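A.B. asks: The number in the numbering used here is simply the position in the sequence shown, starting from 1, with 14 added.
Treat the hints with care, since some could be wrong.
As the list claims (entries may be wrong) - Below are the DSBU-like pairs computed for lysine-lysine, each with C-alpha atoms no more than 30 Å apart in a straight line:
#, residue 1, residue 2
1, 82, 288
2, 301, 288
3, 82, 303
4, 288, 232
5, 288, 303
6, 348, 243
7, 240, 298
8, 33, 348
9, 187, 240
10, 33, 174
11, 232, 298
12, 185, 33
Stated by the list, open to error - Each pair of labels, with its calculated beta carbon distance range:
#, residue 1, residue 2, range
13, 206, 283, 34 to 42 Å
14, 61, 140, 26 to 34 Å
15, 345, 161, 20 to 28 Å
16, 70, 143, 42 to 50 Å
Derived by calculation from the structure, the hints in this document are not laboratory data.
As the structure is a prediction and not an experimental result, all values here were calculated from the model.
For each residue, glycine too, the CB sits at the ideal point set by N, CA and C.
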Amino acid sequence: MNTYIPNFNTIRFVDLMAKIGETHLRDRGFLRVTVPRIVPASGACENVDTLFEIAVNGDPRWFQGGHKRSYFAQTGQLYLESLLGEGGLPKFYCVGPSARAEASVDNRHLTEFEMIEIEFRGSFEELLSEIEMFIGALVKSIQAIPENERPAYSLPADLKHLENHPEVFPKIKYKDAIAELGLPWGIDISSSQEQQLIANHGNCPILITHFPNPMSEKMQLLFDYKVEKLAIKFFNMIPDPENPDYVLSCDCIVPFGGECVGSAARVHNAKEFKNRLMASPMFKRLKEKDTYAEEGFAWYLGMLEKCPSVPHAGCGFGMSRIFQYLLAESDITKVVVLPSNRARLY
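All chains should be built: construct the whole structure from the sequences, respecting the hints.
C.D. replies: Printed below as a string of structure tokens:
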């Protein structure tokens, strides 16, 4: 058994980043909300195979009703979205753990990590700016630390890896990224390929935009033929008005950490939301695991029907991978105070 030894410099660093990140969001007008962390299927991300199911005394259907399954939340997205409708407020964020049953034990996956998620009334273009500003605020705070004090925060003294950090990130559409990498359409971009793109575009954060629409005929065919390693994104993304084979979505990738932010402009119409949910590869896979999965979204659908929503967008910041970038660290377990993966249960 490996002995755990606390790294107090990392604790100082994580605490500072929490303070800077939340202060930045509050200064931008975002209100903090505590969202549920024991959830029905509506708390899942696109990969439902990584859900942790909850059972009480061996009963996975413990909640009243007799057939609702519950899970540890992967995202608070829909809970934040539910607060933005008519009569609501314009900007919210939440902070909390995202639980993923990741089979891999490697230098970039954890079974539990902190996410800061935002949702706000605004456009896709405004969303990209929010991502740039949030990460930029963290970078500026790090650069402002005097050189002789940086080791106390686990920081390298020179911070040369942050010299190329731009206020506006390079942007590349998915179709152009896969052409550059020599990948077939519909395939996900691996972590090593992300780093190749970063090296090709200035060794700084990059925004990859306009991923394949998971409900397009092209993507559905690939899913039906069980093509592996597809770039399947969350169903609640608005199709690109200029080309419905794509959605208004974006991944931010950074040096060392790779993909650290997933984001999109959201569908806010109740009928369209339900149609996309039912047709999504995510939901088809979820139904194989949970016959009553649709009931897990009933609360949100009911809200949309009774309290119409408005155009909005949002994202989730995977803080550990952002920390990898800030600390120039290739191993995610080195930037977390108590790292959790399949091989380590405290």
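A.B. asks: Next step is simple, just say for each hint if it's right about the structure.
C.D. replies: Now for the hints, and whether the structure bears them out:
1. A hinted pair counts as satisfied when its Cα atoms are at most 30 Å apart, and residue 82 with residue 288 qualifies at roughly 19 Å.
2. Restraint check: the Cα-Cα separation between residue 301 and residue 288 comes to about 15 Å, which is no more than 30 Å; the hinted pair holds.
3. A hinted pair counts as satisfied when its Cα atoms are at most 30 Å apart, and residue 82 with residue 303 qualifies at roughly 12 Å.
4. About 21 Å separates the Cα atoms of residue 288 and residue 232, which keeps this hinted pair within 30 Å; it holds.
5. This hinted pair checks out: residue 288 and residue 303 have alpha carbons roughly 19 Å apart, not beyond 30 Å.
6. For the proposed pair residue 348 and residue 243, the alpha carbon gap of about 27 Å is at most 30 Å, so the pair holds.
7. For a cut-off of 30 Å, the pair hint linking residue 240 to residue 298 stands: about 13 Å separates their Cα positions.
8. Between residue 33 and residue 348 the alpha-carbon distance is near 20 Å, which keeps this suggested pair within the 30 Å criterion.
9. Between the alpha carbons of residue 187 and residue 240 the distance comes to roughly 25 Å, so the proposed pair stays at or under 30 Å and holds.
10. Distance restraint check for residue 33 and residue 174: the Cα-Cα separation of roughly 24 Å lies within the 30 Å cut-off, and the hinted pair is therefore satisfied.
11. With a CA separation close to 17 Å, the supplied pair residue 232 and residue 298 stays within the 30 Å bound.
12. Taking the CA atoms of residue 185 and residue 33, the gap is near 28 Å; set against the 30 Å cutoff, the hint holds.
13. For residue 206 paired with residue 283, a C-beta distance near 39 Å keeps the hint of 34 to 42 Å intact.
14. Checked against the given bound of 26 to 34 Å, the beta carbons of residue 61 and residue 140, roughly 27 Å apart, stay inside it.
15. A beta carbon spacing of about 24 Å between residue 345 and residue 161 agrees with the range 20 to 28 Å that was offered as a hint.
16. A beta carbon spacing of about 44 Å between residue 70 and residue 143 agrees with the range 42 to 50 Å that was offered as a hint.
Going through the hint list in order, the structure satisfies each hint without exception.
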